[in-house]
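For the protein sequence lines, the chains are A and B, in the order given. Yeah, the first sequence ends on 505 if you go by the numbering used here, and it's all consecutive. Yeah, the second sequence ends on 505 if you go by the numbering used here, and it's all consecutive.
There could be a bad hint or two in this list.
In this list, chains with the same sequence are indistinguishable; a pair is considered to hold if it fits within one copy or across any two.
[Unchecked claim] In the SDA-like style, the derived pairs of lysine to any residue whose C-alpha atoms are separated by at most 20 Å in a straight line are:
no.: 1; residue 1: Lys-379; residue 2: Ser-418
no.: 2; residue 1: Lys-199; residue 2: Glu-467
no.: 3; residue 1: Lys-163; residue 2: Ser-302
no.: 4; residue 1: Lys-444; residue 2: Gln-169
no.: 5; residue 1: Lys-71; residue 2: Ala-124
no.: 6; residue 1: Lys-373; residue 2: His-327
no.: 7; residue 1: Lys-373; residue 2: Glu-294
no.: 8; residue 1: Lys-224; residue 2: Ile-471
no.: 9; residue 1: Lys-88; residue 2: Ile-471
no.: 10; residue 1: Lys-224; residue 2: Glu-467
FYI, nobody ran anything at the bench for these hints, they're computed from the structure.
Number of protein chains: 2
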Amino acid sequence: MLKPKSVAIIGASNNPDKVGHVILNNYVEGGYQGKIYPVNKDSDLIMGMKAYKSVRDIREPIDLAVIAVPAPVVPMVLEECGKAKVKSVVVVSGGFAETGNVELQSQIVKIADKYQMSMMGPNCLGVMDPRARSDTMFLPTYKLSKPKIGGVSFVSQSGAVGSTVLDLIGKEGFGLSKFLSYGNAAQVDEVDILEYLMHDEETKVIIVYLEGAKRGREFLEMGKRVSKIKPVVIIKGGVTEAGAAAAHSHTASLAGSHEAYDAVFRQCGFSIAHDLDDLLYFGKAFATEPMPKGNRVAIITNGGGTGVLTTDAVYNSGLKMAEYSKETAKSLKKSMPMTVNVRNPLDVVGDADVKRYEDALMAISGDPNIDMIIVIALFQTPGADEKLAQKLIEYKRKMDKPMIVISAGSQYTEERKILMENEGLPVYDSPTAAANSLAELLKYSNYRKGIV
Amino acid sequence: MLKPKSVAIIGASNNPDKVGHVILNNYVEGGYQGKIYPVNKDSDLIMGMKAYKSVRDIREPIDLAVIAVPAPVVPMVLEECGKAKVKSVVVVSGGFAETGNVELQSQIVKIADKYQMSMMGPNCLGVMDPRARSDTMFLPTYKLSKPKIGGVSFVSQSGAVGSTVLDLIGKEGFGLSKFLSYGNAAQVDEVDILEYLMHDEETKVIIVYLEGAKRGREFLEMGKRVSKIKPVVIIKGGVTEAGAAAAHSHTASLAGSHEAYDAVFRQCGFSIAHDLDDLLYFGKAFATEPMPKGNRVAIITNGGGTGVLTTDAVYNSGLKMAEYSKETAKSLKKSMPMTVNVRNPLDVVGDADVKRYEDALMAISGDPNIDMIIVIALFQTPGADEKLAQKLIEYKRKMDKPMIVISAGSQYTEERKILMENEGLPVYDSPTAAANSLAELLKYSNYRKGIV
Numbered sequence: 054m055l056k057p058k059s060v061a062i063i064g065a066s067n068n069p070d071k072v073g074h075v076i077l078n079n080y081v082e083g084g085y086q087g088k089i090y091p092v093n094k095d096s097d098l099i100m101g102m103k104a105y106k107s108v109r110d111i112r113e114p115i116d117l118a119v120i121a122v123p124a125p126v127v128p129m130v131l132e133e134c135g136k137a138k139v140k141s142v143v144v145v146s147g148g149f150a151e152t153g154n155v156e157l158q159s160q161i162v163k164i165a166d167k168y169q170m171s172m173m174g175p176n177c178l179g180v181m182d183p184r185a186r187s188d189t190m191f192l193p194t195y196k197l198s199k200p201k202i203g204g205v206s207f208v209s210q211s212g213a214v215g216s217t218v219l220d221l222i223g224k225e226g227f228g229l230s231k232f233l234s235y236g237n238a239a240q241v242d243e244v245d246i247l248e249y250l251m252h253d254e255e256t257k258v259i260i261v262y263l264e265g266a267k268r269g270r271e272f273l274e275m276g277k278r279v280s281k282i283k284p285v286v287i288i289k290g291g292v293t294e295a296g297a298a299a300a301h302s303h304t305a306s307l308a309g310s311h312e313a314y315d316a317v318f319r320q321c322g323f324s325i326a327h328d329l330d331d332l333l334y335f336g337k338a339f340a341t342e343p344m345p346k347g348n349r350v351a352i353i354t355n356g357g358g359t360g361v362l363t364t365d366a367v368y369n370s371g372l373k374m375a376e377y378s379k380e381t382a383k384s385l386k387k388s389m390p391m392t393v394n395v396r397n398p399l400d401v402v403g404d405a406d407v408k409r410y411e412d413a414l415m416a417i418s419g420d421p422n423i424d425m426i427i428v429i430a431l432f433q434t435p436g437a438d439e440k441l442a443q444k445l446i447e448y449k450r451k452m453d454k455p456m457i458v459i460s461a462g463s464q465y466t467e468e469r470k471i472l473m474e475n476e477g478l479p480v481y482d483s484p485t486a487a488a489n490s491l492a493e494l495l496k497y498s499n500y501r502k503g504i505v
Numbered sequence: 054m055l056k057p058k059s060v061a062i063i064g065a066s067n068n069p070d071k072v073g074h075v076i077l078n079n080y081v082e083g084g085y086q087g088k089i090y091p092v093n094k095d096s097d098l099i100m101g102m103k104a105y106k107s108v109r110d111i112r113e114p115i116d117l118a119v120i121a122v123p124a125p126v127v128p129m130v131l132e133e134c135g136k137a138k139v140k141s142v143v144v145v146s147g148g149f150a151e152t153g154n155v156e157l158q159s160q161i162v163k164i165a166d167k168y169q170m171s172m173m174g175p176n177c178l179g180v181m182d183p184r185a186r187s188d189t190m191f192l193p194t195y196k197l198s199k200p201k202i203g204g205v206s207f208v209s210q211s212g213a214v215g216s217t218v219l220d221l222i223g224k225e226g227f228g229l230s231k232f233l234s235y236g237n238a239a240q241v242d243e244v245d246i247l248e249y250l251m252h253d254e255e256t257k258v259i260i261v262y263l264e265g266a267k268r269g270r271e272f273l274e275m276g277k278r279v280s281k282i283k284p285v286v287i288i289k290g291g292v293t294e295a296g297a298a299a300a301h302s303h304t305a306s307l308a309g310s311h312e313a314y315d316a317v318f319r320q321c322g323f324s325i326a327h328d329l330d331d332l333l334y335f336g337k338a339f340a341t342e343p344m345p346k347g348n349r350v351a352i353i354t355n356g357g358g359t360g361v362l363t364t365d366a367v368y369n370s371g372l373k374m375a376e377y378s379k380e381t382a383k384s385l386k387k388s389m390p391m392t393v394n395v396r397n398p399l400d401v402v403g404d405a406d407v408k409r410y411e412d413a414l415m416a417i418s419g420d421p422n423i424d425m426i427i428v429i430a431l432f433q434t435p436g437a438d439e440k441l442a443q444k445l446i447e448y449k450r451k452m453d454k455p456m457i458v459i460s461a462g463s464q465y466t467e468e469r470k471i472l473m474e475n476e477g478l479p480v481y482d483s484p485t486a487a488a489n490s491l492a493e494l495l496k497y498s499n500y501r502k503g504i505v
């Protein structure tokens, strides 16, 4: 399903407003290297390609069929796929359990099972693998940013949350391994997907939007297995009563109690995100940072107030502020000007240039009393420029501790942020986001070590 | 100080690396219409302008002197300002109480008091009034975005937090009335500033970053007075022990206990921000929205999962989900297609176009059971485009209830976001930010009505 050598798009169309057109276009324009077969019972030629009346007319091996036809027709189309020995299907069409058509959904599961086809959906965006240039999403590509290729796989029960977060990932420096939007989870569900991603060597970190797990016990067992190998960040939709009711109407999920899910996630060793932002923030830290050895944080800042807020955030996240070793304190007293108080947070003051940051990093980076480093680089100040960004990247490369940056601002700052992120140095907008992300690294590191 | 007819820049310089150069340049390039007098004891000509050895040599009325000379020289310069009958001074220079020089700070307060000059600082960025085009900040303008002119005044004890938030405000649709960074608060402090802004007709909303209020009782009294007239959103730096210690070293603030401040802020009727993002989010809602009549929220969404998360966020913020009136339910059942469940949140489904949103808004906007509206517009979907943004703006204009939008994404979405915000329709990135901002509106509305 994820790296198909051949794809049939059933419901392909010449009409650009049709879902089947958008999906076909993704494959044609997206640089997909495998074979593409448009299928439409009413056309012979679609987007200049030979079209087939039925998938059975293709008479070539088909790894993936993407089904974008009205719900009532899906069973018949699936039967044909089975007979044509299609290996996997993505059912994009909605109108199944989520609108009360439970019967129709059971019917398509039976057909998929009968022919041993793996089936994603229905009511989903499907799958995207940027390495394979395979993308079943019916979203106009000009509206979404294109994520870089990387190690984060994103699993979303919701297509909307999926597409929004995917679009936001395009703004981040970390890249995407796989995107899987599985909708009603009629056959392939989150347990299957977690199992697949656990073994997938291209996936280093898994981030998940979940409305409800149907197989609770298996989910728990699989979660524990995955967490022993790679980190999982999860956000649960429907944590309140009203939200749960909405989730039921959305993906026919039985949301279950918030407390029960929370307990399961904790037992699994998952990082729990409370907002979509967290999903990206935590995922970013896991994608780039080594595991911290302890909870002691050092802050370097060119903005006093931001240093104060970050200290608050570190403390509130459960981490603590490091105390410098004697050597570090001595070295800082020697290298810093009179206006700098040698303490943690280290406020290198608003007129700091790249040299002062370098002196600070040189003293701090090797200190055995420091486990993690937050560098606040406010590029609005006169001395903070491209050279500072480059110097931070240089230090990041030789650092064996987590080191992250806080920078917030408009265009000038955004450009430096992108530069740093593309070189593997994660940048956060806010003190809370930065501190909480480091705290999640430590929690996961402790989980892996058996310290919970 | 804020709308000077004449400004002397003491420490002005031809050297572009000097603070005095940057400030002078702000006035010259920034379109300031008053008189500008560069003062430097060693130069006759600065940036092509006649320079004065001393402020006393100017012999013209001076409304504001910006002082950017080394700390030890400040007392002498201030004496000269007093003798020259300067009305107000901004002392940009650092090296006073924040580095232990309490004595030097007392000395300059005495001089300012003796000559009845109002004094901002020391150790501050000073003031900015975009209407007067007056700006004492020593920050290179190419690094900051320029905020629109508007109704939000921003008071920051920290220059760094000030400049970052100011830069971020430039990305927002709401505009700036005044920016005041007051540093050590040696003479003019937060109480004076609040009093000024309370009376300032250009200021509709006040947002504040505070490390510590020296005059606790007066702060409480003034806070209560201001809140009766306009909303105040506040974030406190140094809410943890470690953060408080950092704050003391930053602006010599005695941070006081977190609980004490929290109690004071609540008594004042202030909105309490827990992160810099909140400061902008809440400020944005206050800048554009009318007061809600109750706590009942309706959600319209083209993304099911985002609707679920927003429902969770509404509930968690203390608000509740509205129940449609019979008329609304009837009207929706008539206008919505079969794929749409008529409930709240109203998921108009991923293929919704502007027409479907309009039908939904038409039914919902007049419902007496609904106090506030959140419209989720995910522009990644095929049907959501410029026309949708325009339609939402159109509804916003005739709406007498709070109505806000959630849209998150990269460039395509950002462009539509800016369009909506510039027309007074606030857009939020995340469900939590949106719901919490509406909850703050309600809290303030209740405070004003005496329901606490």
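These are the hints, each one checked on the structure:
no.	hint	verdict
1	Lys-379 - Ser-418	within (14 Å within a copy, 65 Å between copies)
2	Lys-199 - Glu-467	both (18 Å within a copy, 15 Å between copies)
3	Lys-163 - Ser-302	neither (23 Å within a copy, 69 Å between copies)
4	Lys-444 - Gln-169	neither (55 Å within a copy, 48 Å between copies)
5	Lys-71 - Ala-124	within (15 Å within a copy, 70 Å between copies)
6	Lys-373 - His-327	between (22 Å within a copy, 19 Å between copies)
7	Lys-373 - Glu-294	between (36 Å within a copy, 11 Å between copies)
8	Lys-224 - Ile-471	both (8 Å within a copy, 17 Å between copies)
9	Lys-88 - Ile-471	neither (36 Å within a copy, 41 Å between copies)
10	Lys-224 - Glu-467	both (10 Å within a copy, 12 Å between copies)
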